[in-house]
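Chemist: Sequence:
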Amino acid sequence: MQSFSLGAGLASLAFWGFIAAVVVAGIWYDIRKREAQQETIRRLFESGRELDPAVMDRLLSNSGDKADRLDRAFKLTGWILLPVAAGLVIMGLVLGMQFPEAKLPLLGAAGLVACVGLGFLGTARMAKRWYDGDEKDYSEV
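With the working numbering applied, the sequence shown closes on residue 1060, and no number is skipped along the way.
If you are wondering where the hints come from, they were derived from the structure by calculation, not from laboratory data. Worth double-checking, as some hints may not be accurate.
Taking CB as the label site, the calculated pair distances span [said to hold, decoys possible]:
1) VAL1013 <-> VAL974: 50 to 60 angstroms
2) ILE950 <-> ARG977: 13 to 23 angstroms
3) ALA1046 <-> ALA939: 21 to 31 angstroms
4) SER922 <-> ARG991: 43 to 53 angstroms
5) TRP998 <-> SER931: 24 to 34 angstroms
For glycine and all other residues, C-beta sits at the position ideal for the given N, C-alpha and C.
Please model the complete structure; the sequences and the hints are all you need to start from.
Modeler: Pasting the structure below:
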C-alpha cells in the first residue's frame, strides 16, 4: 500500500480550494451583475420618464448582451479545447518515452478532450441557427 505525505494532502487541498474559489467567484460575479441591472431598472422607473418598450425588453432579457450569445461561447470553448487535446497528445508521446504505461491513458484523455471540443463546435453551429434573423441593432438604444 502506498502512503501519502502531508505535502500531497496539502497540494490536493490547494487544488480543490482553487476550484471552489473559481466557482464561488463566478457565482458572486453573476449576482453582482444582476443586482446592477436591477438597480438600473429601478432608477429608470424612479426617474418618471416614459420608457420605450424595446429598451425595457433589452434590460429585462438575460441575453440582451451580444457577448452572452451561446453559439459564440460554445465556439470559443471548442476552439480552446482542441489545442488542449493536441497538447495532451504531445505530452502523452513525450511522457510515454520515459514511462510507457502513461502513454495510453494520456492519449485516451486527449481523445476525450478532442471529442468534447468537437461537440462544442457542433453545438455552436446548431445554436447559431437560434440567432439567425434575431440580429437586431441595439446601438441606438
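Chemist: Would you pick out the hints that fail for this structure and give their numbers low to high?
Modeler: Those not satisfied: there are none.
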